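Enquirer: From first to last, the protein sequence lines are chains A, B and C. No gaps in the numbering here: position 226 of the first sequence is 226 in our numbering, and each next residue is one more. No gaps in the numbering here: position 137 of the second sequence is 137 in our numbering, and each next residue is one more. No gaps in the numbering here: position 214 of the third sequence is 214 in our numbering, and each next residue is one more.
Some hints could be false.
What the hints assert, rightly or not - Pulled from the structure, derived: some chain C residues nowhere near chain A, Cβ distances all over 10 Å:
1) R26
2) N34
3) D59
4) D228
5) R229
To be verified - With a Cα cut of at most 20 Å, we get these calculated DMTMM-like pairs of lysine to aspartate or glutamate:
6) B:K25 x A:D133
7) B:K136 x C:D133
8) C:K66 x B:E165
9) A:K66 x C:D133
10) C:K136 x A:D63
11) C:K136 x C:E149
Unchecked claim - The following label-pair restraints were derived from C-beta to C-beta distances:
12) A:K24 x C:E91: 39 to 49 Å
13) C:R132 x A:T146: 51 to 61 Å
14) C:R26 x B:T146: 22 to 32 Å
15) A:K24 x B:E97: 23 to 33 Å
16) A:S246 x B:S67: 38 to 48 Å
Just so you know, the hints here were simulated from the structure itself, not pulled from any lab data. For clarity, every value in this text was computed on a predicted model and none was experimentally measured. The beta carbon of each residue, even a glycine, is placed where N, CA and C say it ideally should be.
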Amino acid sequence: MDERKFSSDDIVNVACELLVALHKKRPRVHCITNAAAQVMTANLLLAAGALPSLTYSADEISDFTKSADALLINLGTLDAERRAAIPLAIEVARDQETPWILDPVFVNASAPRLFWANQLFASRPAIVRCNRDEFKALSGQTCELTAIERFAAFWGTTVAVTGPEDMIIGDGQCIHIRNGHPWMNQTTAMGCAGTALSAALCAVGASPFVAASAALLILGITGERAADRSSGPGSFVAAFIDTIASLTPDDIIASARISA
Amino acid sequence: MDERKFSSDDIVNVACELLVALHKKRPRVHCITNAAAQVMTANLLLAAGALPSLTYSADEISDFTKSADALLINLGTLDAERRAAIPLAIEVARDQETPWILDPVFVNASAPRLFWANQLFASRPAIVRCNRDEFKALSGQTCELTAIERFAAFWGTTVAVTGPEDMIIGDGQCIHIRNGHPWMNQTTAMGCAGTALSAALCAVGASPFVAASAALLILGITGERAADRSSGPGSFVAAFIDTIASLTPDDIIASARISA
Amino acid sequence: MDERKFSSDDIVNVACELLVALHKKRPRVHCITNAAAQVMTANLLLAAGALPSLTYSADEISDFTKSADALLINLGTLDAERRAAIPLAIEVARDQETPWILDPVFVNASAPRLFWANQLFASRPAIVRCNRDEFKALSGQTCELTAIERFAAFWGTTVAVTGPEDMIIGDGQCIHIRNGHPWMNQTTAMGCAGTALSAALCAVGASPFVAASAALLILGITGERAADRSSGPGSFVAAFIDTIASLTPDDIIASARISA
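Starting from the given sequences, assemble the full structure and let the hints guide the process.
Expert: Pasting the structure below:
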């Protein structure tokens, strides 16, 4: 539990420091992620300064997780191979106190997936990143501030609910971010890639609450700037990667729309 | 069986209406598709106004199919997980009268895949979208108009054979489309993504014959316009998505090269 | 064993001829490759004039390999399905004297993968393409010229070690290539796609040593020219495909930085 309370200015300043730290430390994030998110996740991490690895084979997942600095578990395209690998990866992460992050994609669309996701909470993800419908399915409640606070406190995790306004809740605090662009929802895997950035920021030492807040701030600003250089949701994908690769602390300070 | 006969002008007008309907109704298309087509298929559907889901796990496929508005079955990268999931998905689709569409990728290159594909016809796909070599393998005949008509009538399906000129045959009718651009064949998954658009148009109420004709018309026009904004087959992919996201009924009317 | 010794000018000239031959003969390269590399590999092969196929199912891999002109085995995302298919594909390739190429991705990160990779050498890959860390893991030695020469000679293979300077070693010869751009390492699957191009050049009749040298020369030059047209590592991907699709022999001659 991080005792310090963060103002919105604190988050902006820490986001700037973390972006620089990523390029300097180049942490490796192991990502068990869905089939439609693998390329975007890998390219986003590379552009932001981190190194991705993507293997999801049960035989090899322990070795890959042991040498990783953070672990991302994304439940999209949850096939038998991934279902076998995920618990092994989480076990290694917990043994080594490597932070692991959960992205419970589409738990609202499949009862077996919801059951599976709920079991993972006992292994204490550092961050859960989801949209409103996924939160409702996970918690069995409406997606309101107090419900999210209770859920985060009960499981000792940070919950980041993304949408037109992102809410990041953990450590008894709440941050709201209003950066972003509608094309981020019109492009597959943009949310998944964002979760990977949260994992990368944990890997360079940020607390889960700060990592999730800083990651979603960086991504929202990247999305706005990328949209200015794009002709539609297709060219937006490449512009998003170009933008994050050259994003500066000054860009973050100039564009942040964040409140505590 | 749709009793009405469609003129080429009818198809153009209906394509315009369906494009608007997609953005309004936002149907979800569940896609069991190949590993190289997942990202392109998801992004094309999103840009055209539909919502993709891509899970191919046997445990979850029933839940995902139940809540979907159309189902796409693409036989590329046909691994054990997909082979287990496909019959389950089709069974749910048939029970619920959800239209399902078949893309028998590379059946001409593998005897086990051809055998597998042939068995699926008993479950009555609404549309089969294939190239000339795939049709020859499926039908055991040459790819000529009368052979395609016989095949379509025998299986009670619409057959769309794509190439420099697309032929759509079903309900005792035939439409020819001459829109398109050679880069559509120089880019992986463009045909697969096109099949997904046919599924999306079925999902907003078009008959299979009309959905396949309108989808291939929209895609061909998108390809021509995207090529005008591209420097080669690489930038063409992003331009294709940008173009379909902003395509208007006027664009379709102005560019259609179609005959009945 | 190719008896002829190649000068750097020879490699440049042969690379020009092979690029033309690819577009003329359009060989099919079957690629068992990792989940993050499939789209890029397919699009690069298509843009360079070859045809990709990507199936990795054990049931079908023999049929797909039988009709292919070269075989690529990439060990990224080495799941159970791929582990079952790879030996079957290699067996067909050997029976038919189809060249097969190995890309031992991340063997340095996983003991089971290293064990698996080492067993494949007995089946005599025509080319092994790896980075320095992967070579160290494979050979148990430092990545120096004499160690690579010994390894190549012992296994009767061509070894291509890529990095800021590429080294291609085989047939008692060595070629150094200094073309390329840092964004090639900031984009997932660029190395994997390069290995696929080596396979395509083997498929049009080049010896493994010449194919690997010409492929890495073509890719390095493509990377430099693509970077000139890009705004960052995101737009670089599309520009890379655009560039290789329009690359001419004159471009290769003008830009080659190669020494024997």
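Enquirer: Taking the hints in turn, state whether each one holds.
Expert: Now the hints, each set against the structure:
no. : hint                        : result
1   : R26                         : 26 Å, holds
2   : N34                         : 7 Å, violated
3   : D59                         : 17 Å, holds
4   : D228                        : 15 Å, holds
5   : R229                        : 12 Å, holds
6   : B:K25 x A:D133              : 18 Å, holds
7   : B:K136 x C:D133             : 48 Å, violated
8   : C:K66 x B:E165              : 30 Å, violated
9   : A:K66 x C:D133              : 18 Å, holds
10  : C:K136 x A:D63              : 17 Å, holds
11  : C:K136 x C:E149             : 13 Å, holds
12  : A:K24 x C:E91: 39 to 49 Å   : 47 Å, holds
13  : C:R132 x A:T146: 51 to 61 Å : 54 Å, holds
14  : C:R26 x B:T146: 22 to 32 Å  : 30 Å, holds
15  : A:K24 x B:E97: 23 to 33 Å   : 58 Å, violated
16  : A:S246 x B:S67: 38 to 48 Å  : 41 Å, holds
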